[in-house]
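Student: The C-terminal residue of the sequence shown carries number 121 in my numbering, and the numbering is unbroken.
It is worth saying that the hints were derived from the structure and are not from the lab. Hints are not guaranteed to be accurate.
The calculated lysine to aspartate or glutamate pairs, modelled on EDC-like cross-linking and capped at a C-alpha distance of 16 Å, are [what the hints assert, rightly or not]:
1. Lys87 <-> Glu21
2. Lys99 <-> Asp24
3. Lys87 <-> Glu35
4. Lys87 <-> Asp44
All of these numbers come straight from a predicted model, not from anything done at the bench.
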Amino acid sequence: MDITWEDKKARGAAAFRNFELFDAPHVAFICSDEAFSLARAWDIGMYAQTLMLAMTANGLASCAQGTMGHYPEFVREAFNLGEEIKVLFGISFGYEDKSMKVNTALTERSSIEDTVIFKN
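Please construct the entire structure, taking both the sequences and the accompanying hints into account.
Tutor: Given below as structure tokens:
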């Protein structure tokens, strides 16, 4: 998105776009019951990844948004969820608008060779 770390105003505006869902028409909130253990977090993460891969396979674009988990009270209020529900994150989705600059943003990733050890 061509925003430097020093440009706090632009970073703030970009962060706020999370709450506009980057103009996506839909959002799924990924939640967990507060009684679930950390092991369920792994299951939920795998489910979310599979959901996003299924969306991609069906021509939809998606964006996982951890920011949504930082403000669970808004999600609970909007969807009448109890306090026992942990809002973990959101997934905005819809058909990709290739004209939007945010859809061309790439983040740096470590190579698979740097993050995985393969043993025979």
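Student: Each hint: holds or not?
Tutor: Evaluation of the provided hints:
1. Restraint check for lysine 87 and glutamate 21: not satisfied, since their Cα atoms lie roughly 21 Å apart, outside the 16 Å limit.
2. The hinted pair formed by lysine 99 and aspartate 24 meets the criterion: a straight-line CA distance of about 12 Å does not exceed 16 Å.
3. A distance of roughly 6 Å separates the Cα atoms of lysine 87 and glutamate 35; the hinted pair therefore holds under the 16 Å criterion.
4. Taking the CA atoms of lysine 87 and aspartate 44, the gap is near 15 Å; set against the 16 Å cutoff, the hint holds.
The structure fails hint 1 only (numbered hints given earlier).
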